[in-house]
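Enquirer: Using the sequences provided together with the hints, build the complete structure.
Listed in order, the protein sequences are those of chains A and B.
Everything in the first sequence is counted per my numbering, starting at 1 for the first residue and increasing by one.
Everything in the second sequence is counted per my numbering, starting at 1 for the first residue and increasing by one.
Hint data in this document are derived by calculation from the structure and do not stem from the laboratory.
All clues given are correct.
Footprint (simulated), chain B over chain A, 3 or more residues, beta carbon under 8 Å:
1) 6-20
2) 27-34
3) 115-121
4) 145-152
5) 159-170
Glycine included, every Cβ here is placed at the ideal spot set by N, Cα and C.
If you want the building blocks of each chain, they are given just below.
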Amino acid sequence: MWSSDLEERIREVLAKDMERASESLAGLEDRVIRAIAERAAHPSLWQRMRERWLAAFSTPRWAFAGGAVLALVLGITLGRLLAPGPVPMSAFAQAGTLFAVVDPQAQSVAVVGDFSAWEPIPLSDPDGDGIWTAVLDLPPGRYEYAFVVDGNWVGQDPQADEYVRSFGEYTSVRYVGTGGGA
Amino acid sequence: MISGELELVQRSLEGDLEAWGEIVRRYKEAVFGVAVAILRNRADAEDATQEAFIRAYERLYHYDLSRKFSTWLFTVTANVAKNMLRKRRRPEPRPPIAQVADPAETVWREELHQAVREAVWGLPESYRAPLVLRYWHEMDLAEIAQVLGLRVGTVKTRLHRGRALLRARLAERGVIPDVVQ
Numbered sequence: 001m002w003s004s005d006l007e008e009r010i011r012e013v014l015a016k017d018m019e020r021a022s023e024s025l026a027g028l029e030d031r032v033i034r035a036i037a038e039r040a041a042h043p044s045l046w047q048r049m050r051e052r053w054l055a056a057f058s059t060p061r062w063a064f065a066g067g068a069v070l071a072l073v074l075g076i077t078l079g080r081l082l083a084p085g086p087v088p089m090s091a092f093a094q095a096g097t098l099f100a101v102v103d104p105q106a107q108s109v110a111v112v113g114d115f116s117a118w119e120p121i122p123l124s125d126p127d128g129d130g131i132w133t134a135v136l137d138l139p140p141g142r143y144e145y146a147f148v149v150d151g152n153w154v155g156q157d158p159q160a161d162e163y164v165r166s167f168g169e170y171t172s173v174r175y176v177g178t179g180g181g182a
Numbered sequence: 001m002i003s004g005e006l007e008l009v010q011r012s013l014e015g016d017l018e019a020w021g022e023i024v025r026r027y028k029e030a031v032f033g034v035a036v037a038i039l040r041n042r043a044d045a046e047d048a049t050q051e052a053f054i055r056a057y058e059r060l061y062h063y064d065l066s067r068k069f070s071t072w073l074f075t076v077t078a079n080v081a082k083n084m085l086r087k088r089r090r091p092e093p094r095p096p097i098a099q100v101a102d103p104a105e106t107v108w109r110e111e112l113h114q115a116v117r118e119a120v121w122g123l124p125e126s127y128r129a130p131l132v133l134r135y136w137h138e139m140d141l142a143e144i145a146q147v148l149g150l151r152v153g154t155v156k157t158r159l160h161r162g163r164a165l166l167r168a169r170l171a172e173r174g175v176i177p178d179v180v181q
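Expert: Listed below in structure tokens is the structure:
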């Protein structure tokens, strides 16, 4: 179990370290302004080439090309956003613990949790029916976990025993072989 | 945007270096914090902090005034620091942020703080940076993702993993009990 007291220690240590380390930042404003003025007075070859390139490619035809690419990206993004979201589903399997997600649109699904030090364990969908599964051999105990579907965190599994909030987001909790939650 | 900040940014866009100097004064510690979270080395983080402010000034015309200025500035900083990390030839140095223990603290507290300090700064950059941004900058997950150029899901995974690693290292040192499932 993660201790809120330990989290407080982390904050204290970082606050102290940052305070001491930042003492060397005295006068940074002056150094930055001098450096900016120096660069403006003597631009590097790279800066001169960059400015010429930017000026050359600010014509409308490039704006149209950029707009077309942007429209394509927006179209793909909207398509993904409007698609039905994943429907997590899980059940207890006698030979192991089954983790399952139903998402016909997904390209990759993984489960992350205490049992894997939060390294992703891929789920598979061999017959392409949109049901992604993995069976894990877990010793009895309490496990926090979540799914990652196409890079997106899915913290609440409807089949979980309970939910907890970590870092402001939900993760699921499963009790394996212990008779259930507290 | 913080009060007066919009005016400072607009004046900077018009070439007012004094206005940009005020931005530097307001944000230098926070920017340093982002740089050191990635680089761990104080000297490198100081260089990255200076370079980040210079680069941000040069690219200020890219900044969208409707967005949160600090997030944009921290994103520039993270990119500068990550570039520096990639170019670093020598192995990542030992945690230089480690400080001399305060003699006024109890022995136990000293040991705990030192253990936590070494565990945090000893984490690999991919876990350390999100952790520092969360616990020192108190950024929310979306902002951490934006600053580091990661998906929110990736940030969450790395925070959990970083925390698990911290827990394991502190348990090894006997600072906290071993994790029991």
